[in-house]
Structures are given as C-alpha cells and as structure tokens.
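Novice: Letter by letter, the chains look like this.
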Amino acid sequence: MWRTVVGSGCSRTVLVVAAALPLLAPAVVSQGRAPKYEVQALWPRPFQEQSWVLGSITGVTIDGQNHIWVVHRGADSLENNEKGMMLTPPSSSICCKAAPFVLEFDQGGALLTSWGGPGSGYQWPQSPGGLAVDAKGSVWITAAGLEAAPARGRGPNDPTAAEQPAAAAGRRGAAPTGPPAPGDAHVIKFSRDGKFLLQIGTPGKMDGPDSQTTLNRPSAIAVDAAANEVFVADTGNRRIIVFDADTGKYKRHWFAYGEKAAGPAPGAYAASDPPAKSFRDVTCIEIARDGNVYVCDRSSNRVQVFQKNGTFVKEAVVSKNTLGATVTGQFGVVSSYGSAWDLAFSSDPQQRFLLIADGHNKKVHIFQRDTLTEVGTIGSGGRYPGQFLAVGSIATDAQGNVYTGEQHHGKRVQKFIAK
Amino acid sequence: MKRNLLIGATFIAVLTGLGIAQYLLEESALAQTKGAVMAPRFEVDPTFPKPLPNGWYQGQSIGLWVDAQDHVWIVHRPDVLDAAEGASSQNPPTGECCNVAPPILEFDQAGNLLRHWGGSDGPGYQWPSSNHGLNIDNKGNVWIGGNGTGTDGHILKFTQDGKFVMQVGIKKQGLGPDSLAQDRFYLVAKTFFYAPANEVFVADGYGNRRVAVIDADSGKMKRFWGAYGKPPDDKAGAAQGPYDPTATYQQFRGPVHCADVSVDGLVYVCDRTSDRLQIFKTDGTFVKEVYIARDSRGDGAVWDVAFSRDKEQKYLYVADGRNQKLRIFDRQSLEELTNFGKGGHYPGEWYSLHNIATDSKGNLYTVETYQGRRLQRFLYKGLAPVKAKQQGVVWPGTR
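Protein sequences appear in the order of chains A and B. Residue numbers for the first sequence follow the numbering used here, beginning at 139 and rising by one. Residue numbers for the second sequence follow the numbering used here, beginning at 2 and rising by one.
Honestly, the hints are just simulated from the structure, not real lab data. The model shown is predicted, which means the values in this text are computed figures rather than measured ones. A portion of the hints provided could be inaccurate.
Only some residues are given here: those of chain B computed to face chain A with a beta carbon under 10 Å [stated by the list, open to error]:
1. E86
2. A88
3. C99
4. V394
Glycine included, C-beta positions come from ideal geometry on N, C-alpha and C.
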C-alpha cells in the first residue's frame with residue numbers, strides 16, 4: 139500500500155564547470171506525459187550578508203515581472219544554534235541571524251529587495267502564512283498563527299484541537315516580554331517596497347465562521363485581478379472568504395463543497411471514513427486562468443475545486459493514506475499532516491497540470507488538471523538539492539520553472555527548471 | 002626560431018589541455034612572485050553524493066573518513082529522525098517517506114552508496130547508544146566511538162564489510178567520567194590511527210577530559226594526558242564553570258572532539274568549547290595552543306581538523322561548527338589565512354559543521370549534525386592568492 143520513494147532516476151548530472159553555469163540535476167520520476175524538471179542546485183545566490191539565514195518558509199509566489207517572492211518565519215523558527223548572534227549573550231559574532239521576513243529574488247537568484255517586521259498601522263504576524271503579489275504589484279501576506287499545541291492543534295489527530303488559537307505566551311521558548319500578543323487573525327497588504335497599505339481582520343478578534351469582518355489564522359491568499367477581489371483561505375474558520383482588494387469590504391464566503399453554513403469541525407482523518415463535509419485545514423488557494431478556484435484541504439488529503447462564486451465543481455484525493463505527526467522541537471511545535479499543502483499550475487496556456495506540494499510525504503505530486511489523476515512526482519525526502527523536508531509552498535514562473543519552499547527544518551527555496 | 006615556436010605551441014596546447022587547474026597554478030606562481038598570501042582554494046560540488054536508495058533518510062552526521070580507495074565513509078544517527086521525517090518508519094506508517102538507513106555508509110567518488118551496515122549489538126560487542134566519530138586504519142579497518150551519556154565507554158573496530166574485530170572499553174548503564182581509567186573511556190568523540198607507531202589516538206571525549214593512546218592491535222592503553230599535557234582531573238574540570246572568553250582553562254572543557262596526528266608527529270587536539278586547539282608531541286608533551294573565534298559560546302568553535310594533502314601538510318583545516326566556517330591555517334605559524342562557508346542549508350553552507358576529511362586529490366568532505374545532516378564535497382582547485390579573509394560560500398566559477 140505504501141509506495142517507497144526510490145532514488146533511482148534521481149542521479150544528479152556531474153558537470154565540469156568552468157564558469158557560473160547552473161548545475162542541473164534530474165529530479166523527477168515521470169510517468170506518461172508528465173512534465174519533467176531538473177533541480178537547479180545552485181539557486182538562489184548566497185546572501186551577500188554572510189550572517190543571514192532563512193527560517194521556515196511559509197510562502198512562495200511569482201509576480202508579474204517573473205520575480206520570486208518569499209516569506210519566512212524568521213528568528214522564531216530558528217534553533218539557537220542557527221541564530222547565535224541573536225542570543226543573549228551572543229554565542230557567535232558572525233553566525234547567524236534571521237534574514238528579513240520578505241525577500242524578492244530575480245530569475246538568477248539574486249536578492250533584489252528585503253523587508254518585513256513590525257511597523258505602524260498593522261501587526262506583523264506571529265507567524266506569516268502564504269503570500270501573493272497582485273497585478274498592481276502589491277504584496278499580500280496572511281497571518282497564519284503559531285502552531286502552539288496543545289491549545290490549538292492544527293493536526294486533526296490532536297484531541298485538544300480547538301477553535302480559538304492559543305495566546306502567544308510561551309511561544310517557541312522566546313523570553314516573554316510583556317503581555318501575550320493577540321493571535322493572528324488578519325491579512326496585510328503592502329506595496330512592493332514594504333509600505334503598509336491595508337489590513338483585513340483584527341489580531342485577537344475571531345468572531346467565528348459566519349463573521350464578515352474577522353478571520354481566524356488565515357494561511358493562504360490569492361488575488362483575482364479581473365474582479366479586483368482577494369480570496370482568503372480562512373483556515374481557523376474552515377472557509378474561503380472573498381473581499382474587495384482595494385477596500386477590504388466583504389463580498390462572500392463559503393465552506394467545503396460550497397456549503398453556505400459552517401458544519402462541525404471534522405475529527406481525525408481516517409482513510410476509511412467518508413470524505414469530511416467540512417474543511418480540516420484549508421492551506422492553499424489559487425485561481426486558474428479558466429476561473430476555477432483550487433483549494434487545498436491539507437490534512438484531508440484533498441483538493442477542492444470551485445467557481446469564483448463558490449459553486450463546488452469537483453475534488454481530487456492526494457495520497458489518501460497519508461496521516462501525520464505533531465513534533466515538538468527546539469523551536470516549538472510543528473505539525474506535519476496530510477498530503478495537500480499548497481499547489482500551483484503548470485505555465486502552459488491551458489495550465490494542463492497541477493503541482494501539489496506534499497510536505498508530509500516530501501514530494502511534489504503532478505496531477506493532470508482535467509482528469510485530476512496523478513501522472514508523476516518531483517523529488518524525495520532528504521536535505522540534498524532536489525529533495526524535500528516539509529515542502530509547503532510551490533509556485534511556477536512564466537517559463538514553467540517551479541519554485542518550492544520548505545517549512546520546519548527544511549528552510550530552503552529551491553528552483554526546478556522545466557525541461 | 003621554428004623550434005621555439007613549436008615548443009611554444011606545444012606549451013599552449015598542454016595548457017589548454019590541462020585547463021583551469023593549470024591556469025590556476027600559473028596564476029598562483031605569479032601571485033607568489035608578488036608576495037601574495039597563498040592558500041588552498043575550494044569549490045562546492047552540489048552533485049555529490051547521490052540521493053540514498055530505499056527511501057533512506059540521513060540523520061545527524063557525526064563521523065567521516067576517506068579510505069585508501071578514496072571512498073568516503075560516514076557514520077550518522079538514523080535514530081534521530083522525528084515522527085514527521087521518518088513517517089514511513091512509524092508503526093503504523095503515517096506517510097510514504099522516509100525510512101531509517103543503517104548508520105555506516107560508504108560512498109564512491111561518483112557519490113553512489115556502496116556498503117552500509119551497523120546499528121545493533123553482535124557477538125562480542127555492543128553498538129554505542131549514540132554514534133560518534135569514524136576513522137579507518139592502514140589495514141582498512143573502521144573504528145567508531147560513541148557518546149551515549151551514561152552508557153558509552155568504548156570504541157569498536159570492524160572490517161569494511163562490518164565484521165566485528167575488537168571492542169576496547171565497556172558499554173554499561175550508569176557509566177560516568179573517569180579520566181584516569183586504564184580499561185575504558187567515556188563518550189569518545191573521535192579516534193585517529195597513527196601508522197608509524199601502530200597506535201590509535203582517542204579523543205576522550207564528551208565525558209572524560211583527556212587524549213588516550215592505545216595499541217591498535219591489542220587495544221591496550223599506552224598513555225593518556227589532559228590539557229597542557231598534565232594529568233586530567235575530572236573534579237577540577239567540572240569546577241571550571243560556564244565559559245569565560247578571558248579565562249585560561251587548565252583542564253579541557255571539552256568535548257575533546259579530535260586528536261589527529263600530523264606527518265611530523267604533532268597531535269592536534271580540539272578542545273571544542275574552549276575555542277582552542279592544543280598541540281602535543283605524540284608522547285603527550287605540550288607544544289603550543291591556538292585560540293579560534295574565542296568569543297564563541299555554546300558549542301564552541303573547534304570541532305575537527307584535517308591536514309592538506311601535500312607532503313608537508315602545509316595547511317591545517319579546522320571545522321568551526323559554531324560559526325559555520327571552514328578555516329584554513331598555515332600549520333607552522335598557526336595563522337588563519339582565510340575561511341569559507343556560511344550558515345544555512347544550501348550547497349556550500351552548513352548548519353553545525355561537525356567533521357572534515359580530505360581525499361588523495363586534496364578534495365575536502367564535510368558532515369553536519371543537528372538539523373544539517375548532509376555530506377558535502379568541496380573540490381580542491383589548487384593554491385590561489387587569498388583575496389578575502391572570509392570568502393563566504395564557495396560556488397563553482399565565481400572567482
């Protein structure tokens with residue numbers, strides 16, 4: 139029943155490099171007519187600032203200029219041994235500290251801009267989630283909240299999972315300074331150089347799944363340029379909610395299968411149970427060119443497809459037997475559940491393929507979009523180029539290249555070249 | 002004239018044929034005449050090794066050596082995989098990846114996995130509770146230590162096929178430090194086989210505060226010493242307190258993390274959390290010491306050493322797993338010439354650079370512990386003028 143991911147066919151080509159040529163390595167197990175990809179092992183370029191390191195990557199997206207935007211959790215997700223310069227007293231004067239939260243790279247992997255963190259008029263997330271760059275170049279970031287079990291378990295098998303997030307007290311071993319910050323319940327819009335523009339939702343204010351003005355740990359976002367609407371995967375409320383992208387005014391919302399009423403929170407996932415009527419944890423939202431809206435229900439191992447008005451179209455099951463684990467590490471609790479963490483479309487005009495980032499099984503699934511059948515995978519579990527830990531973000535550029543972001547201890551953004 | 006032209010043409014053809022390496026030598030020779038500081042230059046090789054077969058997942062990688070065939074051997078800790086990493090190893094499985102690999106792994110120069118073994122007790126020996134350190138002697142035998150607190154007081158010797166040869170010391174519950182013990186160790190970090198005397202130098206270790214020397218065939222203790230070549234004193238060592246960068250510690254703070262012997266018979270001992278290397282004669286006579294990034298706290302800056310592969314071992318390589326730098330020293334002057342690397346998870350970066358070793362061509366290999374968990378190769382590109390004291394990530398073709 140359990141497929142073993144074998145490294146055969148994953149050998150990396152050895153090239154004699156006399157110049158700064160990209161090193162390409164086949165990293166795709168292809169079946170049928172699935173697209174093929176090779177990891178570009180030397181991407182992005184190392185930070186000029188040698189002391190910077192990346193934390194857990196929560197969002198990767200591509201803007202209209204084909205630049206790659208990344209958001210990560212920063213110091214909060216670094217172990218003490220990774221952030222020696224940030225300790226008191228410092229354990230090192232040269233290594234390391236967290237890079238800024240938001241980073242923009244060009245196609246060659248050079249860092250163009252970086253910003254992020256607390257500012258006036260908005261509250262920087264306790265933990266960022268996904269990000270999106272809209273057609274006007276504005277950058278949207280969700281405040282996805284901390285995985286501070288047990289009061290709020292994102293893992294469906296956590297019996298203490300609750301509607302309301304835990305207070306930020308005791309987060310990740312950081313020394314508490316003052317009262318706990320209110321829990322993440324908002325999305326923030328910035329200009330591409332990091333100037334605050336708009337916030338939807340209020341940290342700490344969660345009025346439940348029927349609220350038109352509040353959110354609860356939203357973890358993904360997409361912008362529909364045609365209608366100037368922003369679609370939010372409102373994870374804690376088990377729904378999709380749509381706002382006007384300029385004013386933040388409420389437009390509509392819906393639940394799993396396009397239901398108008400919030401159903402009860404599903405229990406722990408079991409492959410033998412009928413599909414849950416509600417979302418367990420909706421962690422991605424992407425809008426295809428044909429107007430269909432794709433949503434990841436991560437720990438239900440499924441992708442649901444809607445029209446933009448919320449009408450349910452169909453769903454796909456991804457690695458149905460996947461369960462998960464909650465792990466407490468040096469930087470707090472991380473949950474790893476389910477097979478559908480994020481998705482992206484192939485870059486051909488028809489967007490014939492869906493690329494689904496599967497953090498628990500440590501690979502990317504390639505699905506044919508019309509039939510929703512799996513036709514291939516990218517990668518395997520591990521820490522070498524082309525391998526993955528908790529791959530939770532994925533995006534494609536105009537040339538069809540694929541970018542992945544890894545959470546937990548992965549902490550890399552990788553580039554795969556379309557062949 | 003004609004003949005000179007021919008010679009010149011041949012020279013150019015040879016140069017072209019030899020390619021970059023030759024160019025670098027030329028460049029180096031030029032620089033030398035100008036009096037520039039020369040140091041070995043390296044480039045990361047992101048194609049090495051190949052992904053492990055069988056869905057195997059590499060754990061904390063805490064020992065490394067290169068054998069006479071230039072095969073790269075590592076020891077790692079398969080048991081550190083958490084429930085998310087080792088999802089397919091759980092009972093019942095929660096996912097499709099990953100599986101637990103054997104702790105001893107051998108790679109060829111192409112990065113293919115060859116032999117793999119170890120992990121459990123056998124007749125006459127006990128596998129360590131926590132794997133640590135790997136060395137290969139001149140007969141090809143594989144030596145490992147172990148730093149499982151409260152149990153590991155031994156080192157083990159196997160053939161390259163994993164056949165048990167010898168256990169020195171004991172493993173048992175309730176073990177503690179005893180830096181004066183003749184018949185066992187405590188939490189050995191690394192061993193080093195020294196062919197001229199058929200001796201094994203034991204970095205002993207995480208629990209004891211000494212270098213111990215045994216006969217490689219009989220395992221019999223020959224001698225041991227502490228910091229500055231004096232007798233080790235566990236009580237005095239434990240009383241040294243938290244690290245103070247201005248203090249001079251009379252006992253190894255430890256872990257005593259390496260004890261490698263150079264061609265001229267000097268023993269280089271890593272006193273990791275003292276941020277220092279102490280250097281001795283093989284009989285334990287103290288020679289000199291050097292501090293490295295002395296403001297480093299926590300895990301300390303001096304994790305492992307290796308020697309350059311020229312006949313004189315002109316250069317000393319030091320793995321600094323606190324600051325994520327591979328430091329290159331002139332071995333005679335103990336002056337740091339340059340360093341490279343940075344913190345991170347990409348090729349050429351490290352998270353807790355733990356061990357280093359060289360192959361016959363002078364290439365460097367590194368392994369990382371904690372959440373680093375990789376084996377990496379850095380190709381030797383000849384001597385080159387030092388352009389930066391802190392080179393950062395050494396990508397191919399960037400200089």
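Novice: Each hint: holds or not?
Specialist: Evaluated hints:
1. E86: Status holds, d = 7 Å.
2. A88: It holds, given that the least Cβ distance between A88 of chain B and chain A is near 6 Å, below 10 Å.
3. C99: holds, 4 Å
4. V394: holds, 4 Å
When each numbered hint is compared with the structure, no violation occurs for any of them.
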